[in-house]
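**Q** So the chains spell out like this:
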Amino acid sequence: VVTGKKTTYIVKGVLSSLLFLGIFLAVLEVCARIDDLFRYGAALWSPYSADQLTALDEAGIKYNVPGARFEKWQNNARGFRGVDVPLEKPHPDTVRVVCLGSSETYGLFESPGEEWPAQLQRLLPLPSWQIINAGVVGIDLRGYRAYLVKHVLPLNPDVVIIVTHPNRYATKYVRDHEFKASAQALPRSPGKRSGCDPPFDLSKQIRFLPRFKQSLKAGMHKSFPAILQKYQERDMGRQVREIEQTRLKGRKALDFMPERCQEDFRRDLQDVVALLKDKGIRVMLTSYPSLLDRSTLDSYREIFMDARRFSVEYSLAGLIDTRERLNAASAALAVSEGAMYADLCARVPHDSKYFGDGAHYTDQGARVVAETVADTLTVNITKVRAGGKTP
Amino acid sequence: MTFTTLSFAAFFLVVLLVYALVPARLRLVLLLVASYFFFSCLGYPYLLLVLALVTLIAYLGGIMIFRSACVRARLRWFQGGVLALLAQLVWLKYLPFLAENFNELSKALGATFRVQTPGHLVAVGVSYFVFQGISYLADIYLELLDPERHLGRFALAMSFFPKLLQGPIERGGNILPQLQNLSRPTWDGLYAGVHLFIWGVFKKVVIADRLAGVVDPVYNDVHLYTGLPLLLATWLYAFQIFFDFSGYTDMALGLGRAFNIRLTQNFKAPYLANSIADFWRRWHISLSRWILDYLFRPLQLSFRGWPMLGPPAALLIAFLASGLWHGASWTFVVWGGIHGTYLSLSILTAKFRKKMVKALKVEKSKILNYWKICLTFNLVSFAWIFFRANSLDDGLYVAVQSVVGLPETISSEVWRQQFAQWKLVELALFMALVAVGGVLDRKVQSVDDGAFWLIQAPVWMRGVVYGVLCYLIAIHGADAQSFIYMQF
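Sequence order for the protein chains is A and B.
Each residue of the first sequence is one higher than the one before, counting from 1 in the numbering used here.
Each residue of the second sequence is one higher than the one before, counting from 1001 in the numbering used here.
Derived from the structure by calculation, the hints contain no laboratory data.
The reader is advised that the hints may include incorrect statements.
Here are some chain B residues pointing at chain A (derived, C-beta under 7 Å) [stated by the list, open to error]:
1. 1006
2. 1459
3. 1460
4. 1464
Here chain B is said to cover these stretches of chain A; the calculated rule only asks that three of the stretch's residues, wherever they fall, bring their Cβ under 8 Å from a Cβ of chain B [as the list claims (entries may be wrong)]:
5. 9 to 23
6. 220 to 234
By construction, the Cβ of each residue, glycine as well, lies at the ideal position given by its N, Cα and C atoms.
Working from the sequences, and respecting the hints, build out all of it.
**A** Structure (structure tokens):
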């Protein structure tokens, strides 16, 4: 009798614990969904992820889905980040500036309204200037031409600022040439999004888990920064090794970017600049700033590792070499094509105050970028308006 | 390392685990070492010395008072001990304030003599353990308590880490007997402790810190606002400080329960008080009892020659001292003075008010009771203005402008402009959360032994409530702010 009672007691205990756990987890999920509904207007039951923000068109070019929203990121009716833009300029003399780039332009770590094009608009206010953020997460220089024709030229911009991600370009290049066989055989790089409908993944539908992970990370960063950094380094190292094993198949990561890649980059960029110049649009090129530099290798090792997950074909030295050489190519092209040039690398310090990771800005970093671009624009455009010549 | 950090969670779990595993004779040593380690994590090594010194003074003082046969010697030991303890507090907390005011006075009198103002020192927790030391000496002097002979036990009573930074100010009579036999943690104790701790974290991290996000911008630049925003910020501050401090207390009580040590309950739904006297029976109970027993009563005794004005004067002095205890600033003194004045006036007008109520035949009226609660809350909120204000000027500005500017800001464009940044929907949701928090908190406090009401709730309700609490804590926990009362 005693054993039976004990068993009943244990079974009851286990069942009530399971019931508690089930209800507890369900409530966490419901809370996360209600939170999304209140904060971001997200639907309660449909899938909700950053994949909804972008899609691929028939030509395979990535674009922002008009009106799409995920958390703090929101596209307007034309698929640009920020407020809606009518085709007509607010004033005949308004200088319409379109900022074309990828996630660093679209905005990632910045608070809403603090991405650099939005800050640029505050520095150069309407109606004299109208700034349009045409950044698309994951877009590459190779897709710029088609994207410009389809989405940007209909806006009749006066100036287009072109920001190109050197490492992404160079990585794609070596995947298409040097590492072709292994790239075809292997899955997409981590974090890369596709516009196609992704297969149903239950773990992606659980909304409270990413938030808890983020909070835990923030708490760890506050309480145990050294331990967190060590863990991240080790974790990144492990991931990089795994990707290396599957992608490089025993080959050595490149310490230098292939010469031919630089030539291709220059040619592709020149194509884009020529297209815009043909339409009478002024062009601004920029260097691509990054937290990662030869001087910061030891301070931000985990961020270097993170960058390598996306460009495993290059070693750390290779990543730095790529950025330096393609930045130099942009600068040289700006001179030869008579385009404006904003040397962002020279202005944004290599400090984590300005970068949320290797390449994406914090509010402060975006501020420096916006100021640099604003300085370049005001000097050059004012000169033109005053009867001077476009540099 | 405050209660809302992961480092504290790790520290606590390690201490609890070791505490459960070590033999009984080592538990006291473990808790003592853990408490000193916890205090050392603040990063001010001199505070450890002060804590040790205060402990030694109170310990030896207690024994000497007890051993002294003659009344005069007992009194001398008592006075000496209290002075030595107060000297620590003055040195750490009040010297710059005293020097600044001396220099101001000297300047006002036209004198050229100035004293050098010493630098401000961090004195986290000192006010709490100094007051605990004084109460210990007083209790022995009044023969309410025998001195503790075991230095380690006494040191732990003074430094037990859950109450070290913000109290409750424990009496020797409550904590010392519990340290005689430190038993292994029990499931009931742990269960109740964890529940109380989570509730405390929720009150602090979710409610108080969110309210701070509305209150701080207003109080940090009061001259940008007028009328309703100032009034609303003041009311919200009343809730912020309650949820902040009572949240800490719940966490401290919960941590204590995990070690089978019951600390003093510090709050009993204070904003439901129907008079200022009632408010002080419900707010920061361990301090108000301390002020009552060790300051007001002796003063009242000294003023017994003035039957009419003696008690009000004693109250005024006691509360001015209470204000000064909170911080070396005139804003705190004014806050204490306002409460002292309220209480003095309530004594002086007691007969008249009683007659009025009788004449109006509303002695048992519920409406009268609600009116009293509402009035008390507003009087308390008015005093909070000076408690929160960054300077006396700011406090006066808020006190005047929140009333004078009110007609201008209600139903006008100014009102809309000033509130646009506050996001009214969020504010309304938040007020609902505050109300729910307040109601549930009353239930927590209503359980005699401090056990959490949810323990008795059905499983599904616990699942729902803890799901909501944990979600909100996880979302807001990473940007938890420091506790308001830690500065005192």
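**Q** Which of the numbered hints are not met once you compare them with the structure shown?
**A** none
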